[in-house]
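Enquirer: Following the hints, position chain B against chain A.
Chain by chain, the residues run as shown.
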Amino acid sequence: MPHPFAVHRLQEGDLSVLSLDGYLDAHTAPHFERAIQDEIDAGRVRLVVDGAQLKYISSAGLGVFMSFIEEVREKGGDIKICSLVPKVRQIFDILGFQAIYDMVESRDEAVRRFVDVPTREV
Amino acid sequence: MGSIEQRFTLLVPSSTENLALIRDFVSNVGLQAGLGEDDVAKLELAVDEACTNVIEHAHRGDLSKDVVVRATFDERTLRVEVVDTGEGFDPATQPQENLEQMVAKHRSGGLGLRVMKSLMDEVSYEIVPGDTNRLRMVKKLRKEV
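Residue numbers (this note's numbering), protein chains in the order written: chain A, 1 to 122; chain B, 1 to 145.
For the record, the hints were derived by calculation from the structure and aren't laboratory data.
It cannot be assumed that every hint is accurate.
16 Å max Cα-Cα, derived EDC-like pairs, lysine to aspartate or glutamate [said to hold, decoys possible]:
#, chain 1, residue 1, chain 2, residue 2
1, B, 65, B, 131
2, A, 55, B, 37
3, B, 105, A, 70
4, B, 140, B, 5
5, B, 140, B, 38
6, B, 117, A, 93
Away from chain B, derived, C-beta distances all over 12 Å, residues of chain A [what the hints assert, rightly or not]:
#, residue
7, 7
8, 43
9, 118
Rough simulated footprint, nothing fancy, chain A against chain B, three-plus residues with beta-carbon under 8 Å [claimed, not checked]:
#, segment
10, 58-72
11, 114-125
12, 131-137
Quantities reported herein were computed from a predicted structural model and do not represent experimental measurements.
Quick reminder that beta carbons are idealized off the backbone N, C-alpha and C, glycines included.
If we strip away everything but chain A, and leave its shape as in the complex, we get (with noise of 0.2 Å):
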């Protein structure tokens, strides 16, 4: 049986909160591709990632976060990724994510960061 991974949508304002749960691999990295697909379909490019619920990601949702950031970014928006426990946010670091991904402790602290810095340049 494949590991359980779900995306719970919210709105916060003109944010949209994703907040990811389970296990994000090759299986289930598909399914956080199309979540991030209707957003930007639906307009919606502010997005914040919450990983307080994830429990595992491989390079495979990584790679859902690189491959939407430029298209995010370009129509003014930007992906920032909130509150992953400490083992998930090494792998983050392994890669070098920090270079490109604002990454904050809190959903607080991804809200104010859209305030400061709406979006970066990739």
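Expert: Relative to the frame of chain A, chain B by itself:
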């Protein structure tokens, strides 16, 4: 137990659906070998990356093929070998670009190899085109003396 080598083998159809099963298998072997929680997590991820490459690139989603994971350990070392009969995809041939370059080129290939190399003590390949390919990874066991 001494230095007697213990061997474990898992054979599953080549599908990403089985990645969870593969992770559970290596996690259990890692615990039995005496790895701590942190190292077990690293082992799980490294083997997941290796098997994902096999399933998606070497076997190209062909469910009739199998992925074989062999794990062996003694008191010093845990070795994991991922065996496939696919096209001999060698992630080491992927260009080594930094993350910014990869984003700009819309590429994410090669991330798995970086993860494997970061998490394991050794990573090597033996590719025999048209036959079997083996990716070998080694994790040194830190036992108290």
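Enquirer: Each hint: holds or not?
Expert: The hints, checked one at a time:
no. : hint         : result
1   : B:65 x B:131 : holds (13 Å)
2   : A:55 x B:37  : holds (14 Å)
3   : B:105 x A:70 : holds (10 Å)
4   : B:140 x B:5  : holds (14 Å)
5   : B:140 x B:38 : holds (13 Å)
6   : B:117 x A:93 : holds (14 Å)
7   : 7            : holds (17 Å)
8   : 43           : holds (21 Å)
9   : 118          : holds (19 Å)
10  : 58-72        : violated (count 0)
11  : 114-125      : holds (count 4)
12  : 131-137      : violated (count 0)
Hint compliance for this structure: hints 10 and 12 are not met, and every other hint is.
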